[in-house]
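Listed here are the chains, written in short residue letters.
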Amino acid sequence: MEIPYIVTPRQDTGLWNAKIAIWLFIASEVMLFGGLFSAYIFLRLGADASHCPHGLLNVPVGTLNTAILVTSSITAVLAWGALKMRQFSKYKFYMGLTILCGVTFLTIKLAYEYPQKFQHFGVFIKQEALLKYEPYLGNAYLSTKGLTPRIEITGHLHNKAALTDPNEKEYEIALDALNADPTNPEFDRPRLIQKPVTEKVIKIDKEDVEYASVFAPRHSSFFAIYFTITGLHALHVIGGLVVFIYFWLFGSILYKQNPEHLANRIEVSCLYWHFVDLVWIFVFPVFYLL
Amino acid sequence: MNHSQPNDRPADPCEIARNVKTQIQVGIALVISTLGAVAVSFAPFHSQKTRIFAVIGVALLNALMVSAISMHLKSEKNIIRQFLVFTLAFVFGLFALTALALLDSTGLH
Numbered sequence: 001m002e003i004p005y006i007v008t009p010r011q012d013t014g015l016w017n018a019k020i021a022i023w024l025f026i027a028s029e030v031m032l033f034g035g036l037f038s039a040y041i042f043l044r045l046g047a048d049a050s051h052c053p054h055g056l057l058n059v060p061v062g063t064l065n066t067a068i069l070v071t072s073s074i075t076a077v078l079a080w081g082a083l084k085m086r087q088f089s090k091y092k093f094y095m096g097l098t099i100l101c102g103v104t105f106l107t108i109k110l111a112y113e114y115p116q117k118f119q120h121f122g123v124f125i126k127q128e129a130l131l132k133y134e135p136y137l138g139n140a141y142l143s144t145k146g147l148t149p150r151i152e153i154t155g156h157l158h159n160k161a162a163l164t165d166p167n168e169k170e171y172e173i174a175l176d177a178l179n180a181d182p183t184n185p186e187f188d189r190p191r192l193i194q195k196p197v198t199e200k201v202i203k204i205d206k207e208d209v210e211y212a213s214v215f216a217p218r219h220s221s222f223f224a225i226y227f228t229i230t231g232l233h234a235l236h237v238i239g240g241l242v243v244f245i246y247f248w249l250f251g252s253i254l255y256k257q258n259p260e261h262l263a264n265r266i267e268v269s270c271l272y273w274h275f276v277d278l279v280w281i282f283v284f285p286v287f288y289l290l
Numbered sequence: 291m292n293h294s295q296p297n298d299r300p301a302d303p304c305e306i307a308r309n310v311k312t313q314i315q316v317g318i319a320l321v322i323s324t325l326g327a328v329a330v331s332f333a334p335f336h337s338q339k340t341r342i343f344a345v346i347g348v349a350l351l352n353a354l355m356v357s358a359i360s361m362h363l364k365s366e367k368n369i370i371r372q373f374l375v376f377t378l379a380f381v382f383g384l385f386a387l388t389a390l391a392l393l394d395s396t397g398l399h
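Heads up: the protein sequence lines correspond to chains A and B, in order.
Quick note: this note's numbering has the first sequence finishing at residue 290, numbered continuously throughout.
Quick note: this note's numbering has the second sequence finishing at residue 399, numbered continuously throughout.
Quick caveat, the hints were computed from the structure, so don't treat them as lab data.
Ideal Cβ placement from N, Cα and C applies to all residues, glycine included.
One thing to keep in mind: the hints can contain errors.
Pairs of lysine-lysine residues, derived as DSBU-like cross-links and limited to a Cα-Cα distance of at most 35 Å, are as follows [stated by the list, open to error]:
(1) A:K256 - B:K339
(2) A:K195 - A:K90
(3) B:K311 - A:K126
(4) A:K109 - B:K339
(5) B:K367 - A:K200
(6) B:K339 - A:K92
(7) A:K160 - B:K364
(8) A:K145 - B:K339
(9) A:K256 - B:K311
(10) A:K90 - B:K339
(11) B:K311 - A:K109
(12) B:K364 - A:K126
(13) A:K195 - B:K339
Restraint ranges, calculated between C-beta atoms of paired labels, are given here [to be verified]:
(14) A:L163 - B:K367: 51 to 61 Å
(15) A:E210 - B:A358: 21 to 31 Å
(16) A:T13 - B:A301: 17 to 27 Å
(17) B:G326 - A:S213: 55 to 65 Å
(18) A:Q257 - B:L393: 54 to 64 Å
(19) B:I322 - A:K206: 14 to 24 Å
(20) A:P217 - B:L390: 38 to 48 Å
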């Protein structure tokens, strides 16, 4: 049986099947991500000022990823344009570039940014022990400047056994530059370029610790929702890439039968890809810049 | 009438070239405005509110560019715009619930 309106639009709606289907799908996605962003705003507004996440994420890498995703949107449109002009080899070239950009985005996100976070360790100090760790927190200095006090010491955990072994009474941490030199005015505000972890190692008694964790979802509400939304976004990128790779490898079959049908399919794929881009346009400023 | 008939005619090259050129311009504008947002977020503002409004403002502008131009919403059929309006009403309803819950918990009403 022939499926109607896969190339020509219906007279009543003026739309062909896939066009209306992709827009309905995008509408459902808007509700999904809208709910998650709403949850993030709720959590952020309710959070204490000392838990401000600005500066926790790698902004230059996030900016690079934004540029890569935007570039992939452009190359996807170029691929669609080439198909409309019936230039199949150009289509293959631009679609290949789109796939390369998408894979690069994912590699940076999943193989660089996420592992970097999982290597990082944070220790929230109990209120009664804050004075003991004042050399690494610098709260007296911060109060003279009217800045929010710090309650967390961060860096790289040396004795990883301390996470599971109750006989290990201390955490040995190679300090972040901020905690190694907390009264340095350059750390009064979040930095665009993060400094590497220092060689200064300190020991923190477990008894003085309210809570300790690597920068994983369990670390804080911020990281929980950051990994949820960016992970979901990454899944959407993977979904888009699967579709693009399919049409890149097997598009010639449909192209020989009906080139306009393939062009329409690429057009709706591009719409989806633009939506993935749109979500990132909100993810980047909300999580990385505020 | 055959609704899935093969169509071998290439599109109007001028129209496609114009479309692609617009998309490239949008892409360049997106990258530039993103860099602007990064600069604003690390600028020495005294007020956090100013920073939030500036950064979210840039994000909304970027989103508007992508949806209106890249996704062709400005020239799309009315039926699509209509159900997107309902979708946005639902999303803003969610945000309103968040705001109401916040007001409730802080007693700011």
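The hints, checked one at a time:
Straight-line distance between C-alpha atoms of A:K256 and B:K339 comes to about 56 Å, which puts the hinted pair past the 35 Å bound. Between the alpha carbons of A:K195 and A:K90 the distance comes to roughly 43 Å, so the proposed pair goes past 35 Å and is violated. About 58 Å separates the Cα atoms of B:K311 and A:K126, which puts this hinted pair outside 35 Å; it is violated. With a C-alpha separation of about 29 Å, the suggested pairing of A:K109 with B:K339 holds against the 35 Å cut-off.
Taking the CA atoms of B:K367 and A:K200, the gap is about 62 Å. The hint is violated against a cut of 35 Å. For the hint linking B:K339 to A:K92, the alpha-carbon distance of about 47 Å lies beyond 35 Å, and the restraint is violated. Note on A:K160 and B:K364: the hinted pairing is violated, with a Cα-Cα distance of about 55 Å set against a maximum of 35 Å. In summary, the hint linking A:K145 to B:K339 is supported, as the alpha carbons are separated by about 19 Å, within the 35 Å threshold.
About 28 Å separates the Cα atoms of A:K256 and B:K311, which keeps this hinted pair within 35 Å; it holds. Taken as a hint, the A:K90 and B:K339 pair is broken in the structure, with Cα atoms around 47 Å apart against an allowance of 35 Å. For the given pair, B:K311 sits about 29 Å from A:K109 by alpha-carbon distance, which is consistent with the 35 Å threshold. Between B:K364 and A:K126 the CA atoms are separated by roughly 55 Å; this puts the pair beyond 35 Å, and the hint is violated.
This hinted pair checks out: A:K195 and B:K339 have alpha carbons roughly 27 Å apart, not beyond 35 Å. Between A:L163 and B:K367 the beta carbons are some 56 Å apart, a value that agrees with the proposed interval 51 to 61 Å. Checked against the hint of 21 to 31 Å, the pair A:E210 and B:A358 fails, with Cβ atoms roughly 48 Å apart. One distance hint, 17 to 27 Å for the beta-carbon pair A:T13 and B:A301, holds here, with the actual separation near 21 Å.
With their beta carbons about 35 Å apart, B:G326 and A:S213 fall outside the hinted range of 55 to 65 Å. In this structure, A:Q257 and B:L393 meet the distance hint of 54 to 64 Å, their C-beta atoms being roughly 59 Å apart. For the pair B:I322 and A:K206, the beta carbons lie near 49 Å from each other, so the given range of 14 to 24 Å is not met. A hinted range of 38 to 48 Å is violated for the C-beta pair A:P217 and B:L390, which are about 27 Å apart.
Of the hints listed earlier, those the structure fails to meet are numbers 1, 2, 3, 5, 6, 7, 10, 12, 15, 17, 19 and 20, in rising order.
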